[in-house]
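Chemist: The residues making up each chain are set out below.
There are 2 protein chains.
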Amino acid sequence: MPADTRRKRRPPRGEFERISLFTRAFADAGPDVIAGPGDDCALTRPAPGWLLVSKVDQIVEGVHFSGAFRPEEIGHKALAVALSDLAAAGAIPRWFLVALAMPEGVEDRFLSRLAMGMSRLASQARVSLVGGNFSRASELSLTVTTLGEARPEHALRRSGASPGDALLLTGSLGGAALGLRRLAEGSARRSSAAVRAQLTPTPRLEVGAIAGRYAAAGIDLSDGLLQDLGHLCERSEVGAELELAAIPMAREVRALGAEASLPLALRGGEDYELLFAVPQARVAPFVRAAARRGQILSRIGRVVEGHALRLLGPDGPIPLPDRKGWDHFG
Amino acid sequence: MPADTRRKRRPPRGEFERISLFTRAFADAGPDVIAGPGDDCALTRPAPGWLLVSKVDQIVEGVHFSGAFRPEEIGHKALAVALSDLAAAGAIPRWFLVALAMPEGVEDRFLSRLAMGMSRLASQARVSLVGGNFSRASELSLTVTTLGEARPEHALRRSGASPGDALLLTGSLGGAALGLRRLAEGSARRSSAAVRAQLTPTPRLEVGAIAGRYAAAGIDLSDGLLQDLGHLCERSEVGAELELAAIPMAREVRALGAEASLPLALRGGEDYELLFAVPQARVAPFVRAAARRGQILSRIGRVVEGHALRLLGPDGPIPLPDRKGWDHFG
Numbered sequence: 015m016p017a018d019t020r021r022k023r024r025p026p027r028g029e030f031e032r033i034s035l036f037t038r039a040f041a042d043a044g045p046d047v048i049a050g051p052g053d054d055c056a057l058t059r060p061a062p063g064w065l066l067v068s069k070v071d072q073i074v075e076g077v078h079f080s081g082a083f084r085p086e087e088i089g090h091k092a093l094a095v096a097l098s099d100l101a102a103a104g105a106i107p108r109w110f111l112v113a114l115a116m117p118e119g120v121e122d123r124f125l126s127r128l129a130m131g132m133s134r135l136a137s138q139a140r141v142s143l144v145g146g147n148f149s150r151a152s153e154l155s156l157t158v159t160t161l162g163e164a165r166p167e168h169a170l171r172r173s174g175a176s177p178g179d180a181l182l183l184t185g186s187l188g189g190a191a192l193g194l195r196r197l198a199e200g201s202a203r204r205s206s207a208a209v210r211a212q213l214t215p216t217p218r219l220e221v222g223a224i225a226g227r228y229a230a231a232g233i234d235l236s237d238g239l240l241q242d243l244g245h246l247c248e249r250s251e252v253g254a255e256l257e258l259a260a261i262p263m264a265r266e267v268r269a270l271g272a273e274a275s276l277p278l279a280l281r282g283g284e285d286y287e288l289l290f291a292v293p294q295a296r297v298a299p300f301v302r303a304a305a306r307r308g309q310i311l312s313r314i315g316r317v318v319e320g321h322a323l324r325l326l327g328p329d330g331p332i333p334l335p336d337r338k339g340w341d342h343f344g
Numbered sequence: 015m016p017a018d019t020r021r022k023r024r025p026p027r028g029e030f031e032r033i034s035l036f037t038r039a040f041a042d043a044g045p046d047v048i049a050g051p052g053d054d055c056a057l058t059r060p061a062p063g064w065l066l067v068s069k070v071d072q073i074v075e076g077v078h079f080s081g082a083f084r085p086e087e088i089g090h091k092a093l094a095v096a097l098s099d100l101a102a103a104g105a106i107p108r109w110f111l112v113a114l115a116m117p118e119g120v121e122d123r124f125l126s127r128l129a130m131g132m133s134r135l136a137s138q139a140r141v142s143l144v145g146g147n148f149s150r151a152s153e154l155s156l157t158v159t160t161l162g163e164a165r166p167e168h169a170l171r172r173s174g175a176s177p178g179d180a181l182l183l184t185g186s187l188g189g190a191a192l193g194l195r196r197l198a199e200g201s202a203r204r205s206s207a208a209v210r211a212q213l214t215p216t217p218r219l220e221v222g223a224i225a226g227r228y229a230a231a232g233i234d235l236s237d238g239l240l241q242d243l244g245h246l247c248e249r250s251e252v253g254a255e256l257e258l259a260a261i262p263m264a265r266e267v268r269a270l271g272a273e274a275s276l277p278l279a280l281r282g283g284e285d286y287e288l289l290f291a292v293p294q295a296r297v298a299p300f301v302r303a304a305a306r307r308g309q310i311l312s313r314i315g316r317v318v319e320g321h322a323l324r325l326l327g328p329d330g331p332i333p334l335p336d337r338k339g340w341d342h343f344g
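Taken in order, these protein sequences are the chains called A and B. According to this note's numbering, the first sequence is numbered sequentially starting from 15. According to this note's numbering, the second sequence is numbered sequentially starting from 15.
These are computed hints drawn from the structure, not numbers from a lab. Note that the structure is predicted; figures quoted are calculated from it, not measured. Mixed in with the good hints, there may be bad ones.
Label pairs and their computed distance ranges (CB to CB) [said to hold, decoys possible]:
1) A:Asp42 / B:Ser34: 40 to 48 Å
2) B:Asp122 / A:Arg195: 29 to 37 Å
3) B:Ser34 / A:Glu319: 19 to 27 Å
4) B:Gln138 / A:Arg165: 31 to 39 Å
5) B:Arg165 / A:Arg123: 39 to 47 Å
6) B:Ala41 / A:Gln138: 33 to 41 Å
7) A:Pro166 / B:Ile310: 40 to 48 Å
8) B:Gly178 / A:Arg227: 34 to 42 Å
Simulated coverage check for chain B against chain A, where a stretch passes if three residues somewhere in it have a Cβ under 8 Å from a Cβ of chain A [stated by the list, open to error]:
9) 33-41
10) 53-63
11) 69-79
12) 150-159
Even glycine gets a Cβ: it sits at the ideal position worked out from N, Cα and C.
The shape of chain A in the complex, shown without the other chains (with noise of 0.2 Å):
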């Protein structure tokens, strides 16, 4: 959290205080939702016959943000980052409960941008805040929970990829990651595309509301390409090839070489793109149905029989020498 928030220009606020002044900044829930913030828990109404989609992420002050942060990015970016889990599910997202852990010197001013950021987001991504808890502590933290529904026949998982099946991509990579690089170096401009990409990333709902339909796998790209394409060929027991020249890079990041751009695209965490294992069969549709939508869908490998995950670059196979990419612990 940036240092001038933690000087204290009014005293202290109460945990109920604090709720409210929170909670103030969020639209009324739709008639799905039946009790919200205020009562024990959250009643909401589930749709006839799907299932429920529930997701948990947490952003840390210092681990997932810094103080270049606003305060209304980090309340976006709590909300985007499960957000895109439950599009990567193929899910519709309905509602979110936060727990917000905070230093007791954080002002008013501070919590109301947050919640305005979140908020923001909430009403263009139509979900509703239902519930949260305030706690005190050392640190920032902001932990969502997302809940949404999605048909039982349209529900993805990582697990549903076979060989043959297409690898489709959403937006393009590498500029979240570079984003953070030139925050870190404190020479980012704000308008920045790639800088944006970090502090404030667009969770890619209207492909996730519709990949139901056309995918057999999701997964959203928060660790880097390879590595979330690992996890995805590991539950699926198959392996991948990807096309390097495919790979859709950020303007930003293509910019600067083939040999700088290469790892972030390949290994830059937080770009929050989705990447679908999709049959044959159904890629053109799920290209132009989401290019409806104002969604590019780049076609960036296959999936393959076996473990191995294979780079092919315009001279053949590409070395890679591990498949790690962002390990909050690593």
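Take the given structure of chain A and dock chain B to it, following the hints.
Modeler: Okay, now just chain B, sitting in the frame of chain A:
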């Protein structure tokens, strides 16, 4: 966290090894869990026509637990406090997600024991771990999201109480606060019921599972009787009268004598007993149904018109200094 857990006997583990070490302690989920830990999201099958009941709760090292807690007790308590809210809402707990934040040097043994304490309670409560998240942080914290279900006509909120309703309470009060004091003083015997109430509170799930058939409103006592009853009254726009002689106190609390026991029973937090407002005609059936499940319900007062909270002693009303209970920021 106890200092000995910070000793590094082995090199720090990666995120994925930790996840595997943690999830290993938990039993396989039932057929209502289609995807659990290891996928991007949990996929679970809700009971048709029931409401989803969700709650997030967080416990933080140094705020909600101290070095006096064994790892098993930390794991137990994190899940217990989140389950308790579901019971207060008249819900059947089904699934839960855990976000674990911890310093790098935490040992495998500590993590396994923490998982074991949580897994034991999960088995008793018949809830399945369906997802989680690991993150590095400077202090240990556990954020638990519990997901449960309630029939729409049986889901309880804080806002359902009406003048004339009886106030029914599970168990007895003050034990957890006394246990906390004894642990702080270093004078705790671990076999003491008060100390157990602090270290490993028992969520009243047997009562929660039937409460919706009888009660009109419910809340769990995490912040102390007066404060939590205050919340219930505020949301229901009613007042309440408590009969001092009827308030069940933990044996060790009562043994302290009237002057010392009263603040513990009225304002001591963390007992995780359940308080219900119950229409008169349903009091006796509710008490009998609870008794058949081995649970005692005490009638401690009633809901009245107005907004005031009054405590009735043998010689008439006893002044209440304030409603304040346990506020983590207070």
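Chemist: Does the Cβ-Cβ separation between Asp122 of chain B and Arg195 of chain A fall within 29 to 37 Å?
Modeler: 33 Å Cβ-Cβ, so the 29 to 37 Å window holds.
Chemist: Take the region 69-79 of chain B, compare each residue's beta carbon with every beta carbon of chain A, and decide whether three or more fall closer than 8 Å.
Modeler: With 9 residues close enough to chain A, the hint holds.
Chemist: Against the range 40 to 48 Å, how does the distance between the Cβ atoms of Pro166 of chain A and Ile310 of chain B compare: consistent or not?
Modeler: holds (43 Å)
Chemist: Confirm or reject the claim that Ser34 of chain B and Glu319 of chain A have a C-beta distance inside 19 to 27 Å.
Modeler: holds (26 Å)
Chemist: Measuring from beta carbon to beta carbon, are Gly178 of chain B and Arg227 of chain A in 34 to 42 Å?
Modeler: With a Cβ separation near 54 Å, Gly178 of chain B and Arg227 of chain A fall outside 34 to 42 Å, so the hint is violated.
Chemist: With respect to the beta-carbon atoms only, verify the hint that Ala41 of chain B and Gln138 of chain A lie 33 to 41 Å apart.
Modeler: Since Ala41 of chain B and Gln138 of chain A have Cβ atoms about 39 Å apart, the given range 33 to 41 Å holds.
Chemist: Does the Cβ distance between Asp42 of chain A and Ser34 of chain B fall inside 40 to 48 Å?
Modeler: holds (42 Å)
Chemist: Go check the region 53-63 of chain B versus chain A for me, would you? Three or more residues, Cβ under 8 Å, otherwise it fails.
Modeler: Holds, because 10 residues of the region 53-63 of chain B bring their Cβ atoms closer than 8 Å to Cβ atoms of chain A.
Chemist: The region 150-159 of chain B covered by chain A? Criterion: 3 or more residues, Cβ-Cβ distance below 8 Å.
Modeler: Since three or more residues must qualify, the claim that chain A covers the region 150-159 of chain B holds, with 7 doing so at under 8 Å.
Chemist: Taking the CB of Gln138 of chain B and the CB of Arg165 of chain A, does the distance hold inside 31 to 39 Å?
Modeler: The hint (31 to 39 Å, Cβ to Cβ) holds, given that Gln138 of chain B and Arg165 of chain A are roughly 34 Å apart.
Chemist: State whether the coverage of the region 33-41 of chain B by chain A holds or is violated, taking the criterion as 3 or more residues with Cβ-Cβ distances under 8 Å.
Modeler: Three-residue rule not met by the region 33-41 of chain B, so violated; n is 0.
Chemist: Is it true that Arg165 of chain B and Arg123 of chain A lie within 39 to 47 Å of each other by Cβ?
Modeler: Taking Cβ atoms as reference, Arg165 of chain B and Arg123 of chain A lie about 43 Å apart, which means the hint holds.
In the structure shown, a violation is registered for the earlier hints numbered 8 and 9, in ascending order.
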